[in-house]
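Whole structure, please, built from the sequences with the hints as guidance.
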Amino acid sequence: MGTTYISTDKLCTGWGGESGEVVINLANLNGYSYDNSTGYATVGAGSQLGSVTTALYNSGGRAVAHGSCPDVGIGGHATIGGVGPTSRQWGATIDHVVSATVVLADGRIVTVSETENPDLLWALKGAGGSFFVVTEFVFRTEAAPAGGVSYTYAFEGLNATAQAQVFKDFQTFISNSSLSWELYIMMVGLPTVIEVTGAFFGSLEDFNAIGLEQAFSITPIANVTVIPNWLDMVAIWATESENAEKPAYFYAKSLDVLPDALLSDDTIDSMFEY
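Start counting the sequence shown at 1; every next residue gets the next number (this note's numbering).
Hints listed in this document are in silico derivations from the structure and should not be mistaken for laboratory results.
Positions of the beta carbon are idealized from the N, C-alpha and C atoms, including for glycine.
Cut-off 25 Å, straight-line C-alpha distance, at most; resulting in silico cross-link-like pairs (SDA-like, lysine to any residue): (1) LYS125 <-> VAL23; (2) LYS125 <-> LEU26; (3) LYS125 <-> THR42; (4) LYS125 <-> THR135; (5) LYS125 <-> GLN48; (6) LYS168 <-> LEU262; (7) LYS168 <-> LEU258; (8) LYS253 <-> GLY81; (9) LYS168 <-> SER264; (10) LYS253 <-> ALA238.
Now the in silico label distances, taken between C-beta atoms and shown as ranges: (11) SER175 <-> SER33: 38 to 44 Å; (12) VAL23 <-> ASP265: 45 to 51 Å; (13) GLY107 <-> GLY60: 33 to 39 Å; (14) TYR274 <-> SER217: 20 to 26 Å.
So, in structure tokens, the structure goes:
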């Protein structure tokens, strides 16, 4: 199973990907309310992740799974996926959708939920943009983590053989089926450095007990910081996203590697030699 992602000049500037398409600006549909009795948040589809995250946290420390870029709109995010640092615990943004108000192609405004138009709710969770325009979501929320640990392990100045070994160690570590669900981890490979970075939604003691640094046969440069609250954690990811080079026009394909079909050592060696 894999995914394909495209970012072009048309998409990045709001023109869509095809000639003749209609683009609707939902920026003013940015309302928000929270129901303490149900733990449900009602969010306008034009809201951005940064404002939604802050509003949820100010509603008694609530949160939903989402990505790390604060200026991404919730409307697209919650209709195609929404994977981020808490997804190993909570799933994707679409998993939090309880119901939504949508406008159909014939102009009708309807509610989609498990009890009203359930087929359209199913369509919303992954292909909403192809069926209707969402104007409002109702999300099931979670208690936001009480801070945690932010970490980066940098492996610098390695040749291809050593870089391949870091990847092999990483693959072995993440393929452990008993790995804590509180761990968010990813690897970023650049020509001069490999970084293993992420977050742990628990105490420093529990993070150290996982043995992430010890999982590598090559000693990294470690940067481990205790973060006091959820918003500070989110701010770190937002800063990392904002520091990315812009514009970023590219076409990417990805492949999921399953625990029972890991990349072989020869495949990894060839990848880094290439």
